[in-house]
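Visitor: Between the sequences and the hints, there should be enough to build the whole structure, so can you do that?
Number of protein chains: 4
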Amino acid sequence: MGINAPLNRKLRMGMVGGGQGSFIGRVHSIAACLDNRAVVTAGALSSNPERSKASAPDYAISEDRAYGSYEDMLDGESKLPDDQRIDFVSITTPNHTHFEVALAAVEAGFNVVCDKPMTFDLAQAEQLAKAVDQSDVIFALSHNYTGYPLIRQAREMIANGDLGEIQAIRSNYIQGWLRTRLEDSDQKQAAWRTDPTKSGAAGCFGDIATHAYNLGRYMTGLLPEQISCHLKTFEPGRKLDDYGTAVIRYENGALGTVTASQISHGRENDVTIEIDGTKGALQWRQENPNEMIVRANGQPHKIYTRDPNAPHTTAGAAAACRLPSGHPEGFFEAFANVYASAFDAMVARAEGGPIERVNTIYPNVNDGVEGMYFIQQCVASSKQDAAWLPLKHERARR
Amino acid sequence: MGINAPLNRKLRMGMVGGGQGSFIGRVHSIAACLDNRAVVTAGALSSNPERSKASAPDYAISEDRAYGSYEDMLDGESKLPDDQRIDFVSITTPNHTHFEVALAAVEAGFNVVCDKPMTFDLAQAEQLAKAVDQSDVIFALSHNYTGYPLIRQAREMIANGDLGEIQAIRSNYIQGWLRTRLEDSDQKQAAWRTDPTKSGAAGCFGDIATHAYNLGRYMTGLLPEQISCHLKTFEPGRKLDDYGTAVIRYENGALGTVTASQISHGRENDVTIEIDGTKGALQWRQENPNEMIVRANGQPHKIYTRDPNAPHTTAGAAAACRLPSGHPEGFFEAFANVYASAFDAMVARAEGGPIERVNTIYPNVNDGVEGMYFIQQCVASSKQDAAWLPLKHERARR
Amino acid sequence: MGINAPLNRKLRMGMVGGGQGSFIGRVHSIAACLDNRAVVTAGALSSNPERSKASAPDYAISEDRAYGSYEDMLDGESKLPDDQRIDFVSITTPNHTHFEVALAAVEAGFNVVCDKPMTFDLAQAEQLAKAVDQSDVIFALSHNYTGYPLIRQAREMIANGDLGEIQAIRSNYIQGWLRTRLEDSDQKQAAWRTDPTKSGAAGCFGDIATHAYNLGRYMTGLLPEQISCHLKTFEPGRKLDDYGTAVIRYENGALGTVTASQISHGRENDVTIEIDGTKGALQWRQENPNEMIVRANGQPHKIYTRDPNAPHTTAGAAAACRLPSGHPEGFFEAFANVYASAFDAMVARAEGGPIERVNTIYPNVNDGVEGMYFIQQCVASSKQDAAWLPLKHERARR
Amino acid sequence: MGINAPLNRKLRMGMVGGGQGSFIGRVHSIAACLDNRAVVTAGALSSNPERSKASAPDYAISEDRAYGSYEDMLDGESKLPDDQRIDFVSITTPNHTHFEVALAAVEAGFNVVCDKPMTFDLAQAEQLAKAVDQSDVIFALSHNYTGYPLIRQAREMIANGDLGEIQAIRSNYIQGWLRTRLEDSDQKQAAWRTDPTKSGAAGCFGDIATHAYNLGRYMTGLLPEQISCHLKTFEPGRKLDDYGTAVIRYENGALGTVTASQISHGRENDVTIEIDGTKGALQWRQENPNEMIVRANGQPHKIYTRDPNAPHTTAGAAAACRLPSGHPEGFFEAFANVYASAFDAMVARAEGGPIERVNTIYPNVNDGVEGMYFIQQCVASSKQDAAWLPLKHERARR
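Protein chains in written order, with the numbering used here: chain C, 1 to 398; chain R, 1 to 398; chain A, 1 to 398; chain P, 1 to 398.
To be clear, the hints were calculated from the coordinates, so they are not data collected in a lab. A hint or two may mislead.
One copy or two, either will do: identical chains are not told apart, so a pair holds if it fits within one copy or between any two.
What the hints assert, rightly or not - List of simulated lysine-lysine pairs, DSS-like, C-alpha gap at most 27 angstroms: (1) 79 - 130; (2) 279 - 232; (3) 239 - 279; (4) 232 - 392; (5) 188 - 279.
Guide: Structure representation (structure tokens):
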């Protein structure tokens with residue numbers, strides 16, 4: 001189990017964002033530090049310099065490492081000796097600011113873990129990816145659902161051919177919290193997520209459909225060809241979509257469907273995925289993530305549980321477990337697995353190894369480009385009456 | 001509970017189809033007779049006259065009522081006195097023969113319960129509907145899933161406004177039994193279902209997607225406007241679709257999605273439906289039909305069970321129950337509820353009451369027209385690269 | 001599938017009980033007639049002769065076969081020629097009257113299907129069993145849960161050694177409907193079930209714990225040795241137990257537990273059973289009866305669904321199915337399977353075959369004796385502070 | 001949400017146990033540090049001084065705080081100034097050593113978080129409790145299941161009378177990992193758990209039944225009166241019980257049942273609890289801990305999810321959440337909640353507040369005494385043929 005991975009020293013983390021009232025910043029810090037492989041060392045926790053410094057004690061960041069801005073942090077840290085300088089920057093600010101922070105960090109030579117969506121639009125994403133290419137940093141994107149052990153199990157089983165050729169992917173992400181115009185109240189999360197100047201071209205599809213789509217891509221590696229998308233805004237006056245559905249044609253002839261909602265009463269974070277292959281099929285649900293159902297005609301349905309010790313558990317899934325079976329792991333642990341895989345790559349880089357850019361265990365900068373392309377093409381297709389548009393980006397994971 | 005509905009006499013049933021080896025014929029006879037309100041009296045059980053008569057004892061049909069063809073049955077029964085003649089004809093033959101039998105029965109003045117899809121194509125369906133209009137017979141279609149008590153509960157709750165305005169319908173029907181070319185073996189069910197000369201223009205979409213679509217229409221009454229559909233044939237050499245997905249625009253702006261599969265390993269008869277309204281949302285699954293989840297933001301999720309005695313159970317749902325809660329009812333009981341509602345209408349007609357043609361509790365001839373229109377437009381849209389085509393038929397239930 | 005079992009003629013059923021307001025009478029008639037193998041021919045439907053005759057049309061019983069009492073029915077039917085006389089008597093009256101009706105029917109040479117518990121007390125049960133021994137009639141008891149296909153699957157798997165030696169059985173039956181003193185209102189079901197002069201020595205344990213215990217015995221065949229039981233009456237003023245728990249020592253060293261409740265808010269008919277063997281374990285729940293989970297260390301958990309066509313389905317389970325997998329069967333179908341197995345035995349008897357008395361597929365008169373012994377010993381143990389008392393009856397199924 | 005609780009400084013943790021190969025030590029360190037409120041500062045990680053020091057880097061413990069024994073740690077830390085000394089000791093060694101370490105730590109004035117069972121036998125537990133009484137330290141016991149938000153929700157709802165008077169508690173803990181004689185292989189966990197010199201008088205009942213019993217006590221506060229217990233050892237040659245069942249009479253007349261197993265094939269950590277009250281009933285399962293079903297007759301069943309923002313969520317449950325609903329939390333987070341509640345008490349103590357000893361949110365030394373009493377009486381009752389023995393200890397939580 002990953003829990004026992006030996007460590008020489010803790011990696012030093014520099015947080016951007018995560019100040020008082022932030023949700024995702026706390027998640028990043030908990031996930032990064034869960035295995036005792038990292039420690040929050042420096043921070044530029046808010047766009048407001050004073051609030052930034054005032055938030056530092058919440059993370060036990062010492063005063064001299066509490067910066068007023070990310071620029072200051074990159075500057076300051078760059079000047080420190082190797083054995084004190086932060087090892088990586090975690091970007092947990094609102095979407096529209098990811099790009100500038102990430103680009104600066106990459107150009108300053110820092111490894112980056114960036115929240116998703118990676119940038120505000122595709123052009124930024126492509127520019128960032130080029131910068132990463134030209135650097136030698138590790139760049140990870142927090143498509144956190146890829147960190148669930150059973151998702152990695154599925155990915156390995158599919159890569160291994162256990163399901164045969166993949167022909168259909170059905171993935172949904174159903175929420176209900178934006179059923180009303182929460183953004184009109186004082187709800188910070190709702191406000192920026194429904195604001196096109198902060199969130200980007202899509203609302204529901206940028207925030208959550210990307211996860212559902214990415215999950216299918218991550219698990220199967222199927223290359224997409226075209227997409228037809230239909231976005232809706234059901235809450236009157238809202239500026240971005242809060243519901244939508246997309247159909248995806250994959251290069252091998254497989255058919256994908258992605259439906260996402262923010263307006264389904266009572267639904268929480270209901271990410272589901274079903275994958276059909278010629279030899280078998282599987283089904284998984286985020287709200288009960290320690291189980292996956294695998295089926296084949298003529299056999300009893302099989303429930304694979306998250307079980308690091310079972311003979312049928314793949315190596316990557318076992319490595320992503322911290323607890324024996326039956327003791328539920330959840331969202332934090334999955335998030336931590338994205339960090340753990342990125343840490344492995346950072347350590348390997350530090351030790352001089354080659355850097356894989358495309359088919360990494362952790363979601364990478366190219367996945368981020370693909371995500372922005374997905375959003376762009378969804379919005380464009382929807383505006384053209386669900387026309388079929390290309391979806392394969394040259395940087396696509398394969 | 002419907003189980004105790006008083007009866008003056010049993011209705012007499014004339015079966016067409018259902019001979020040796022038939023599956024759906026047996027289902028119809030069990031469903032029709034479950035409540036002791038009907039008895040199989042006559043039959044033309046096979047297209048082969050000898051086999052037809054030889055099958056009669058299986059249904060305890062007496063020799064003099066065992067006919068060699070449906071024409072003979074309609075003739076023979078027409079000549080019998082009122083108190084002996086069959087009250088209705090159940091049509092359980094393969095799809096391509098429904099039309100001629102149904103039309104003849106209607107024109108001969110017999111009530112009809114017809115298996116679905118109603119006819120081979122839309123033209124036949126419209127012709128049949130006109131014949132029904134001009135008659136005074138009751139015509140019911142066995143969209144059997146509409147008979148589940150909780151489906152009727154949902155329909156009544158939605159009609160009552162409990163969910164507010166409906167904005168999204170997601171329904172799937174996922175099977176796996178045609179994952180291989182079963183039709184090449186001696187499997188009768190597979191053979192006709194994949195044969196365009198017997199099954200009609202669509203395979204998977206004609207056989208099961210129609211159920212998933214009909215369910216949403218029946219429950220919500222939302223009128224459709226346009227459809228975009230994408231059909232696939234994954235098993236090489238198969239002549240009809242075995243997978244597909246459709247997006248539906250409803251007149252009120254709601255968005256629907258229907259996905260159906262016959263090639264998903266291990267999946268059985270997995271009909272699911274989720275409906276989102278402005279005030280509430282619900283979720284139901286055929287494989288566990290005695291539960292429905294109803295959700296509203298800020299409240300615990302509610303599990304409605306099939307419970308004839310609960311205060312929150314609607315009248316129509318309670319009337320569709322035969323057992324107290326916790327004792328599972330299933331497929332036969334739902335099927336029997338379609339029959340029971342048709343019987344109620346037949347009795348009302350016999351007593352001289354007016355005949356409702358559109359918004360009946362049982363699926364009717366107009367639902368059958370709509371189903372054929374759905375199939376036609378799905379196939380046409382798919383051929384035109386998933387173009388948006390009209391979906392609202394003038395006969396649509398509302 | 002059993003649905004297609006060939007029939008020469010329908011068996012003729014004589015009902016005792018089942019008049020207006022009866023629940024279980026209707027269940028018996030539906031179950032008996034579900035497969036078209038039987039028809040309700042005669043009836044003594046109420047202890048009140050007038051109501052008895054007035055109820056006859058509900059079952060389409062002709063006037064000349066509508067009797068005013070069970071004595072009249074047995075007399076009248078005995079005098080009819082072979083080809084008109086009823087083939088079996090179904091007893092669906094309140095518990096305290098089962099004995100006299102059953103004994104009279106057996107002595108008159110009629111096959112019997114009797115509702116459970118079989119008699120009012122053990123002495124009656126033993127007397128009845130002797131009468132059956134001395135007769136050549138088929139006697140079946142409606143422990144209806146034994147009719148579920150997956151229960152028969154489990155029984156066959158266990159008999160086949162698939163689970164190894166059985167070491168633990170945990171079975172519960174949890175209801176909530178008697179949470180209040182329903183018997184004080186006009187609720188007929190509650191009234192007799194809580195009345196010691198009608199129900200016998202136990203309330204909850206006589207009504208439902210017997211099912212939970214019987215299920216374990218039926219599935220495993222393990223012979224019991226001793227029982228320790230603790231009964232409670234939680235509703236003040238109620239005369240019989242409404243909650244209780246028992247521990248059972250089996251001869252082979254296995255340990256059983258049975259807990260039953262009628263006072264658990266909102267619980268419906270929640271019969272569950274878990275069985276642990278040295279090679280495997282299984283779990284089943286009546287409210288979702290088409291699934292059974294089978295587990296073995298080091299393997300994925302397996303969901304066996306009710307599937308007549310699956311290679312892993314045992315012969316007896318397949319024979320008990322009427323529908324393909326995924327189309328839910330429920331309570332009626334299970335009940336009908338008890339009838340179907342009894343019918344098979346009646347036909348075999350009529351054809352002159354030997355009569356099995358102990359290890360029958362359907363629950364028999366000896367199971368009834370065992371049930372009454374279970375109730376007697378539970379009540380006695382509970383009165384003696386949960387003392388260990390013997391539980392093995394010489395007539396026990398093995 | 002607890003995640004944002006403000007902190008002045010991190011609490012300093014001194015670990016005993018947790019060296020290479022330890023499972024529970026890692027769990028304690030992750031749980032303690034999850035919220036950034038504590039840091040592992042010192043450690044005596046193994047009974048072997050060399051291994052103890054060699055393990056220190058795994059926890060990023062600096063060399064000068066890596067001790068060779070717990071005595072050295074207590075000594076060394078006592079001599080440090082206030083602003084460097086550890087704030088609490090976490091004891092994660094095998095059961096038989098808890099007592100001596102805990103007593104020494106308490107007597108040296110350190111707060112303690114001790115793994116359960118608290119001691120080797122009842123006498124030790126009572127002696128330790130006296131020492132705690134005479135000290136002013138906080139003593140918490142890691143009955144970690146009490147940390148699940150929905151368990152705290154249930155506890156608050158019950159305390160609030162939402163379920164009425166509690167009348168029945170059914171709790172089980174079913175595992176399968178000791179189905180074979182794992183202890184004969186090189187499995188460290190199995191070896192000490194089945195060794196009476198290390199584990200104490202009970203095996204399965206000491207290891208896991210105590211959790212199931214404690215959960216009911218914690219949630220309801222019902223005081224026990226008597227217990228009757230039946231232990232079994234199904235694996236030949238094993239020295240301690242691997243299966244058992246107990247019946248508990250509570251003072252208010254309620255009835256409890258506890259069944260635990262280590263030999264149920266394929267079962268993982270299946271802790272379940274059902275509680276029946278006069279006004280409502282609830283049901284919870286550890287393997288799906290973010291849901292609790294609450295039922296009342298005549299109402300839909302309600303699924304309470306872990307939801308810090310729902311109006312129906314109690315204050316204590318909301319405070320125990322780190323994530324919005326639908327993002328699963330699990331075992332670590334529950335464990336961390338026990339630590340968090342203990343930290344709150346430590347901080348309150350440091351600020352001079354009074355110390356609650358009995359009805360704390362975190363399980364305390366008196367719960368530990370009760371647990372040891374439970375084990376003692378279970379073993380004694382089982383030896384006396386399941387005789388009823390007293391179960392109420394004077395230190396019992398109420």
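Visitor: Hint by hint, say whether it matches the structure.
Guide: Hint check results:
1. Proximity of residue 79 to residue 130 under the C-alpha cut-off of 27 angstroms is restricted to the intra-copy arrangement: shortest distance 25 angstroms within a copy versus 56 angstroms between copies.
2. Taking the shortest alpha-carbon separations for residue 279 and residue 232, only the inter-copy value of 18 angstroms comes in at or below 27 angstroms, while the best intra-copy value is 36 angstroms.
3. In this homomeric assembly, residue 239 and residue 279 come within 27 angstroms of each other (Cα to Cα) only across copies, at 21 angstroms, whereas the closest approach inside a single copy is 44 angstroms.
4. Taking identical chains as interchangeable, the C-alpha atoms of residue 232 and residue 392 lie at most 27 angstroms apart whether they share a chain (24 angstroms) or sit on different chains (21 angstroms).
5. Taking the closest pair of Cα atoms, residue 188 and residue 279 come within 27 angstroms of each other only across two copies (24 angstroms); inside a single copy the shortest separation is 46 angstroms, beyond that limit.
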